[in-house]
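Q: Sequence:
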Amino acid sequence: MKTKLLTVCGLCLVFLAFLFAQETDKPFVYHEEKHKGMSFVAPPNELDSTAFDKVSQTKTEWISLMPYGFVGKESSEFRFAREGDTEEQHRWWGERPDGVRECIRMAKKQGLKIMMKPHMWIGRGTFTGDFVLQSEAEWELFERTYKEYLLQFARISEEEGVEAFCMATEMHSMVRERPDFWIKLISEIRAIYSGELTYAENWDCYEKVPFWGQLDYIGVDAYFPLAKGENPSLEALKKGWKPWLKNLKNFASKEQKAILFTEIGYRSCDFSTEKPWETNYDLPDNDELQLKAYQAFYEQVWEQDWFAGAYLWKWFAHTRDGHKHRDKFAFQEKPAVKEITKMYGR
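So the sequence shown is residues 1 to 346, counted in this note's numbering.
By construction, these hints were calculated from the structure, which means they are not laboratory data.
Computed from a prediction, not measured in an experiment: that's the story for all the values here.
Possibly wrong hints are sitting among the right ones.
No farther apart than 25 angstroms at their CA atoms in a straight line, the calculated lysine to any residue pairs in the SDA-like style are these [to be verified]:
no., residue 1, residue 2
1, 208, 136
2, 334, 234
3, 338, 110
4, 184, 68
5, 54, 305
6, 108, 136
7, 238, 195
8, 34, 305
9, 257, 334
10, 208, 234
11, 342, 110
12, 147, 183
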């Protein structure tokens, strides 16, 4: 009798474990409207009222605004344009609070939704994912001033009716070293900002972020390597997505949360799909490869159940008709913009 009871109990435990596994592995399905987004580069000079007309013509529905702040090598103090700063203190109009507010208002008049996405620039071009400090005093100074910067733009976002806020971008080392800072920061942002909240992590370490459960989206800067060679075929690029899609689907299921591509982009040059994150602009022009990369992205990724949309890297406000921008990530006046318009128009 005892043996039978133990057997029955054992079978029950196995069955419960099976049910639990089925529940936790349940595929996540995103039911809301996808973000059809553009990463809008902060302009150095004031914009006129038509600045967002061409963005809207691509069937874009969201833009991300990216005011930058700066930390140098000589001090860990985070420096940024504070509300009330003069033009002499911070020259780029699109990164000052007054310029950011005006961009929000002009974009909204065009019917666009906004994701605020503050960025950090580190002296001498250090990658933000490698940012670390040596002493507790340095960390305390940085965290205090960096938090002031983020909370300023969270407050502006709330006051201006911004729909989404991406609190930081590609800060993997700091997320690993200072997790408590981020967990507390999320609560402080939530206390003053009522919109959707995410964080943008790099394509190779998004699975290591410990606080996705506190956010509305898993934000991924999606510079996944797709195919080697100077000009791979569309089929090769589509095939290159397959292992990444499997990982993304599994992670969305694990977290039961949608994945938003907070950045994705390709340069219009040879080899651009091998290491899409690189910024080498000396390679030969290849508008066709940029076009194929966006075609592969749309055909392979856009209809995935877990996918919440994307912000394409990147859109410049100051361009001349018929002239390509010198930044090869730009797709204005290139074949890719027609594919993007078709993609967003569906």
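Q: Decide, hint by hint, whether the structure agrees.
A: Status of the hints after comparison with the structure:
no.	hint	verdict
1	208 <-> 136	23 angstroms, holds
2	334 <-> 234	18 angstroms, holds
3	338 <-> 110	20 angstroms, holds
4	184 <-> 68	22 angstroms, holds
5	54 <-> 305	30 angstroms, violated
6	108 <-> 136	42 angstroms, violated
7	238 <-> 195	34 angstroms, violated
8	34 <-> 305	11 angstroms, holds
9	257 <-> 334	35 angstroms, violated
10	208 <-> 234	31 angstroms, violated
11	342 <-> 110	19 angstroms, holds
12	147 <-> 183	12 angstroms, holds
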